[in-house]
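The whole structure should be built from the sequences, with the hints applied where relevant.
Numbering (our numbering), first residue to last: 969 to 1146.
Hints in this document: simulated from the structure, not taken from any laboratory.
Any given hint could turn out to be false.
[Unchecked claim] Capping the alpha-carbon separation at 25 Å, the derived lysine to any residue pairs in SDA-like fashion look like this:
(1) LYS1115 to PRO1142
(2) LYS1075 to GLU1105
(3) LYS1041 to THR1028
(4) LYS1086 to ASP1023
(5) LYS1129 to GLU1070
(6) LYS1041 to ALA1025
(7) LYS1047 to SER1119
(8) LYS1086 to LEU1034
(9) LYS1075 to THR1099
(10) LYS1115 to TYR1126
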Amino acid sequence: MKKTLFPILLLICLFILISLAGCTSNEEKASSEKPTPTQKSEQEHATGDNYTATDIAETTKGANTLPSFLSTKPEQIQKIYQMAGEDHELLEWIPCYCGCGESVRHKSNKNCFVREVKDNGEIIWDSHATTCANCLEIALQSVSLKKNGMSTLEIRQYIDKQYKEGYAKPTPTPMPSA
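Here is the structure:
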């Protein structure tokens, strides 16, 4: 039994190694060519120059049209993304405390959800918050506090106080004026 199992395992390992070698040679060939703007963006994305390799960017017509990467996510996450899209101006003033300021160079909690809002109203969404409870919680708290009548400065002070200890370093978010 042991004598027949060893060759089978050896063949499986060999097959996996050949498969991986094929992937590597394709990647090396692609990287040796001059990158297109899309490839350059993907390379920056993969190296952490802008975002992590797992973050997805998707453009929609506005806050009322959520990105397709949310279609398989729980309804609560979709609702928080909707809120973040609608109140992205508030979230520009709110730091995130998940460590994304250092790991993916986010500037505020807004960047966990929204990379950019274009002049025509289109939103380039970011999937980062789909896997981060801190990002989701901070956005939900911030928008809820705004709906309860708190000013942007009061919300910022509240979030800073809540996440002061036991969380990662905050994003380098400027303080709103009074």
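Item to check | Holds or violated: LYS1047 to SER1119, with C-alpha atoms at most 25 Å apart | outcome: holds, 22 Å
Holds or violated: LYS1075 with THR1099, Cα cutoff 25 Å?
Given pair LYS1075, THR1099 holds - Cα atoms ~18 Å apart, limit 25 Å.
Please verify whether LYS1086 and LEU1034 have alpha carbons no more than 25 Å apart. Status holds; Cα separation ~15 Å.
Checklist entry - Holds or violated: are the alpha carbons of LYS1086 and ASP1023 at most 25 Å from each other? => result holds, 19 Å
* 25 Å Cα cutoff - pair LYS1041, ALA1025 -> Judged against 25 Å, a Cα distance of about 16 Å means the pair holds.
Exercise for review: Would you check the hint for LYS1129 and GLU1070, treating anything up to 25 Å between C-alpha atoms as holding?
Suggested key: Within the cut-off at roughly 20 Å; holds.
Take a quick look at whether LYS1115 and TYR1126 sit within 25 Å of each other, Cα to Cα.
holds, 14 Å
- request: Quickly compare the C-alpha distance for LYS1041 and THR1028 to 25 Å and report which way the hint goes.
  value: holds, 17 Å
Is LYS1115 within 25 Å of PRO1142, Cα to Cα?
holds, 22 Å
LYS1075 paired with GLU1105 [C-alpha distance capped at 25 Å]: holds, 17 Å
The structure agrees with every numbered hint stated previously.
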